[in-house]
Amino acid sequence: MNEKIQIEEKGNTIHIKFMDQILDGNSTELKEILSNTLEKSVSEVYLDLEKVVIVSSLGISRLLSFKNKADEKKMVVKIINIQEKLKETLKKLMLDQFFGL
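The numbering of the sequence shown is the working numbering, which starts it at 91 and goes up by one.
Just so you know, the hints here were simulated from the structure itself, not pulled from any lab data. Small disclaimer: the values here were computed from a predicted structure and weren't measured. Wrong hints could be hidden among the right ones.
To be verified - Straight-line distance between alpha carbons at most 25 Å, and here's what the computed DSS-like set of lysine-lysine pairs gives: (1) 141 - 168; (2) 175 - 141; (3) 121 - 141; (4) 121 - 159; (5) 107 - 181; (6) 182 - 141; (7) 159 - 182; (8) 168 - 100; (9) 177 - 121; (10) 107 - 159; (11) 130 - 100; (12) 130 - 164; (13) 107 - 164; (14) 107 - 130; (15) 107 - 182; (16) 100 - 181; (17) 94 - 168; (18) 94 - 130; (19) 121 - 94; (20) 168 - 107; (21) 107 - 141; (22) 141 - 177; (23) 100 - 141; (24) 168 - 182; (25) 130 - 168; (26) 107 - 121.
Unchecked claim - Beta-carbon label-pair distances, calculated as ranges: (27) 93 - 161: 23 to 31 Å; (28) 191 - 133: 15 to 23 Å; (29) 101 - 147: 30 to 38 Å.
Even glycine gets a Cβ: it sits at the ideal position worked out from N, Cα and C.
Could you put the whole structure together from the sequences, leaning on the hints where they help?
Below you can see the structure in the form of structure tokens.
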């Protein structure tokens, strides 16, 4: 198990919990986990950002790309436990509704 990203699978759901304060889009682990998740046949994916304070611009791009690909596969992607400041940033970028915040 990765110490920066924890994954829990239960039935038709995957819960991805980011354990670092910074969600870096350059992270090899992030790329692999999102790619592997898309290959699974699940209906819901929860991205738990409880500990995340900063998301890099590439990180946002990766999450957007993941969400678009998941939508094509009829997967529901939800961001949960998001810090208020990060939520405000996503609202300013008009991404809050995209991620169901």
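Here's how the hints hold up against the structure:
At roughly 16 Å between alpha-carbon atoms, residue 141 and residue 168 fall within 25 Å of each other, so this suggested pair holds. At roughly 12 Å between alpha-carbon atoms, residue 175 and residue 141 fall within 25 Å of each other, so this suggested pair holds. Between the alpha carbons of residue 121 and residue 141 the distance comes to roughly 19 Å, so the proposed pair stays at or under 25 Å and holds. A distance of roughly 13 Å separates the Cα atoms of residue 121 and residue 159; the hinted pair therefore holds under the 25 Å criterion.
A hinted pair counts as satisfied when its Cα atoms are at most 25 Å apart, and residue 107 with residue 181 qualifies at roughly 21 Å. Under the criterion of a C-alpha separation no larger than 25 Å, the hint pairing residue 182 with residue 141 is consistent with the structure, at around 20 Å. Between residue 159 and residue 182 the alpha-carbon distance is near 23 Å, which keeps this suggested pair within the 25 Å criterion. For a cut-off of 25 Å, the pair hint linking residue 168 to residue 100 stands: about 16 Å separates their Cα positions.
The suggested pairing of residue 177 with residue 121 holds, with an alpha-carbon distance near 22 Å, which does not exceed 25 Å. A threshold of 25 Å between alpha carbons decides the hint, and for residue 107 with residue 159 the separation of about 20 Å falls inside it, so the pair holds. Of the pairs offered as hints, the one joining residue 130 and residue 100 holds, with about 12 Å between alpha carbons and a cut-off of 25 Å not exceeded. With a CA separation close to 12 Å, the supplied pair residue 130 and residue 164 stays within the 25 Å bound.
Our distance criterion of 25 Å between C-alpha atoms is met by residue 107 and residue 164, whose separation comes to about 21 Å. For a cut-off of 25 Å, the pair hint linking residue 107 to residue 130 stands: about 17 Å separates their Cα positions. With a C-alpha separation of about 24 Å, the suggested pairing of residue 107 with residue 182 holds against the 25 Å cut-off. As the CA atoms of residue 100 and residue 181 are separated by approximately 30 Å, the hinted pair breaks the 25 Å bound.
Taken as a hint, the residue 94 and residue 168 pair is honoured in the structure, with Cα atoms around 19 Å apart against an allowance of 25 Å. With a C-alpha separation of about 21 Å, the suggested pairing of residue 94 with residue 130 holds against the 25 Å cut-off. Restraint check: the Cα-Cα separation between residue 121 and residue 94 comes to about 13 Å, which is no more than 25 Å; the hinted pair holds. About 12 Å separates the Cα atoms of residue 168 and residue 107, which keeps this hinted pair within 25 Å; it holds.
Distance hint between residue 107 and residue 141 is fulfilled; the C-alpha atoms sit about 9 Å from each other, no more than 25 Å. Taken as a hint, the residue 141 and residue 177 pair is honoured in the structure, with Cα atoms around 13 Å apart against an allowance of 25 Å. Taking the CA atoms of residue 100 and residue 141, the gap is near 22 Å; set against the 25 Å cutoff, the hint holds. A distance of roughly 18 Å separates the Cα atoms of residue 168 and residue 182; the hinted pair therefore holds under the 25 Å criterion.
At most 25 Å may separate the alpha-carbon atoms for a hinted pair to count; residue 130 and residue 168 meet this at roughly 16 Å. Of the supplied pair hints, the one linking residue 107 and residue 121 holds, its CA atoms being roughly 14 Å apart against a limit of 25 Å. As the Cβ distance of residue 93 to residue 161 is approximately 30 Å, the hint placing it in 23 to 31 Å holds. A beta carbon spacing of about 20 Å between residue 191 and residue 133 agrees with the range 15 to 23 Å that was offered as a hint.
Taking 30 to 38 Å as the suggested C-beta distance range, the pair residue 101 and residue 147 conforms, at roughly 34 Å.
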